[in-house]
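Protein chains in written order, with the numbering used here: chain A, 1 to 199; chain B, 1001 to 1191.
FYI, nobody ran anything at the bench for these hints, they're computed from the structure.
Hints are all accurate, no fakes.
Computed list of chain A residues with no C-beta within reach of chain B, every gap over 12 Å:
1) D68
2) V105
3) K123
4) P133
5) N136
6) A140
Subject to a maximum C-alpha distance of 27 Å in a straight line, what follows is the list of computed DSSO-like cross-link-like pairs (lysine-lysine):
7) K1147(B) with K188(A)
8) K1119(B) with K67(A)
9) K1013(B) with K26(A)
10) K122(A) with K188(A)
11) K1095(B) with K188(A)
12) K17(A) with K1013(B)
13) K22(A) with K1005(B)
14) K1013(B) with K24(A)
15) K1176(B) with K1138(B)
16) K1005(B) with K24(A)
17) K1119(B) with K91(A)
Beta carbons: idealized from backbone N, C-alpha and C, even for Gly.
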Amino acid sequence: MAAAPKSPATSSTALYKTALRKAKRKNEVEAEVNYLNITAMLDMMTIILVFLLKTMASSSASLPQSKDLTLPSSVLAAEPHQEGVAVVVTKSQILVGDDPNPVVVLPTRESLAQSGLDAKYKKAGINDLHIVPLANALLAVRETDKQIRLAKGQDPNSSEAIVIVDESTPYRLLMEVLFTLGQSSFGKYHLMVLQAKKT
Amino acid sequence: MAEAKLSAAQRSKIRRLSVPAEMSPEDEAGEINIVPFLDMIINILMFVLATVAVVFTSTIETSPPSSGGGKVRVERTTPSLNLTLVITNDGATFKASGGNISTGCDSVGAGMTFPSKGKDASGEPVLDADAITACARKLKDSSPDFKEETQIRITASNGISYRKVIECIDAVRKDKSGNDLFPDVLFGVPR
Chain A
1 MAAAPKSPAT SSTALYKTAL RKAKRKNEVE AEVNYLNITA MLDMMTIILV
51 FLLKTMASSS ASLPQSKDLT LPSSVLAAEP HQEGVAVVVT KSQILVGDDP
101 NPVVVLPTRE SLAQSGLDAK YKKAGINDLH IVPLANALLA VRETDKQIRL
151 AKGQDPNSSE AIVIVDESTP YRLLMEVLFT LGQSSFGKYH LMVLQAKKT
Chain B
1001 MAEAKLSAAQ RSKIRRLSVP AEMSPEDEAG EINIVPFLDM IINILMFVLA
1051 TVAVVFTSTI ETSPPSSGGG KVRVERTTPS LNLTLVITND GATFKASGGN
1101 ISTGCDSVGA GMTFPSKGKD ASGEPVLDAD AITACARKLK DSSPDFKEET
1151 QIRITASNGI SYRKVIECID AVRKDKSGND LFPDVLFGVP R
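With the rest of the complex left out, here is chain A:
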């Protein structure tokens, strides 16, 4: 059976569609990036910001330098030791670890320079070096540190302390704090100082 001839309307539509496709192909432009893609830079900036904030929060640079706590300057240029339990001795109080509540509230410097802390804080009178509230606070911290050291594969029998002491602290109080640390199984201390050029 012979095919029926196409009607003029069908033929015209087919021609129209073909011509439209050809024209679209002809006018088609390559997709070009004509804007700055800043997504990668934004990702980078956000990571840097988070990293910076995190580092500063955990580093020694976050030490609260104030009238109550001024570190002494030293010519020492070695990198500070970062691991250990922080024991902070300011002009007015003694703090242990991250606890913001003072372990001991200190009397005046004149009083401390005579014979250290009052007898009420000591185990065996005013001449004793063992500060009982400090030892109690260290006991709890030591248990946590012991577990951390075990998990890290370090010797759990002795902990390390980062001792941050105000520059005007009398030697007597410094010895009482170091002695109490020694009695609480802290065998190594890192005394924190500010790096300064020798004049």
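Let chain A serve as the given structure and place chain B on it in line with the hints.
Just chain B now, kept in the frame of chain A:
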């Protein structure tokens, strides 16, 4: 020609439809406008960098204080200096295994090795750090047996400040040429 068979209306429609559609800037990017967010991040970054005071710290390594005998000292088979620096309100004194070092660091004898040069604003003794360094060097060089000795015991009166103790530790740590003197510090409890 195919186009010759198309009507004028069809040709016009083809011209209109074949032109690529122009996109707005937002559509071109194909993403949300993050420029304000970026501005904010940069501002925070600048603010953080500008406000944080960079403080460089260091740590002095030591062990628990001891009184009297040198239990924590490194045991030595050769003769040792066993140097101790005692800081008081009147000045500082070196004590070695041979005895007290006399004034001027010349010999063993009585007297303060470094008498105080006066009092500073906080009422503490003013010490000659250079003289302490020179004397420590002299004592270390006094015998070849002392060359390897790096430990020193520091003891002070009750009222001496931590700052003064650190000053003395710095004075005996290295000599003027930067060579090590006594970098290992032990604290002693005054009796």
